[in-house]
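Participant: Between the sequences and the hints, there should be enough to build the whole structure, so can you do that?
Position 78 (the sequence shown) corresponds to 269 in my numbering; numbering is contiguous.
What the hints contain is simulated information worked out from the structure, not anything from laboratory work.
Even for Gly, the Cβ is constructed at its ideal location relative to N, Cα and C.
Pairwise CB distance ranges, derived in the manner of DEER restraints:
{"id": "1", "residue 1": "Arg208", "residue 2": "Gln270", "range": "17 to 25 angstroms"}
{"id": "2", "residue 1": "Ala304", "residue 2": "Phe247", "range": "17 to 25 angstroms"}
{"id": "3", "residue 1": "Asn207", "residue 2": "Glu237", "range": "19 to 27 angstroms"}
{"id": "4", "residue 1": "Ser277", "residue 2": "Met192", "range": "29 to 37 angstroms"}
{"id": "5", "residue 1": "Gly296", "residue 2": "Ile250", "range": "25 to 33 angstroms"}
{"id": "6", "residue 1": "Arg240", "residue 2": "Ile278", "range": "15 to 23 angstroms"}
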Amino acid sequence: MGEDEALVTRLYEALNRQDVDALVALVHPDVDWQDLLDGGRRHGPEAMRDYWTQQFAVIRPEVSPIAFERLPDGRLAVQVFMTIASIEGRPWEQGPARFAFTLDGGLIRRMDAISY
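Facilitator: Below, the structure is given as structure tokens:
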């Protein structure tokens with residue numbers, strides 16, 4: 192596993208632990224993140240802290256990377272299997288998803304949901 196794949200794997204490990212501090216430590220100061228809950232985009236580490244804090248108040252994600260692919264534009268695509276449950280543990284959604292990450296200086300600069 193290369194450095195970029197390891198970085199994204201650490202992100203998902205922190206997400207699964209709901210470790211907001213560890214998540215924020217992995218993002219670039221100019222991070223640009225697609226908001227998968229409310230739409231739009233989040234910018235900057237403090238916006239990401241708020242995003243993950245809000246997210247963990249309503250859902251419990253469990254996300255496992257399955258495959259990595261370098262896209263022609265340089266982004267790292269990651270196929271994952273996600274299980275999303277309510278905080279009470281009721282399943283909401285389960286299945287595959289795909290995301291593209293822009294990495295910069297060992298940090299995550301941008302995340303987008305992408306199609307297969």
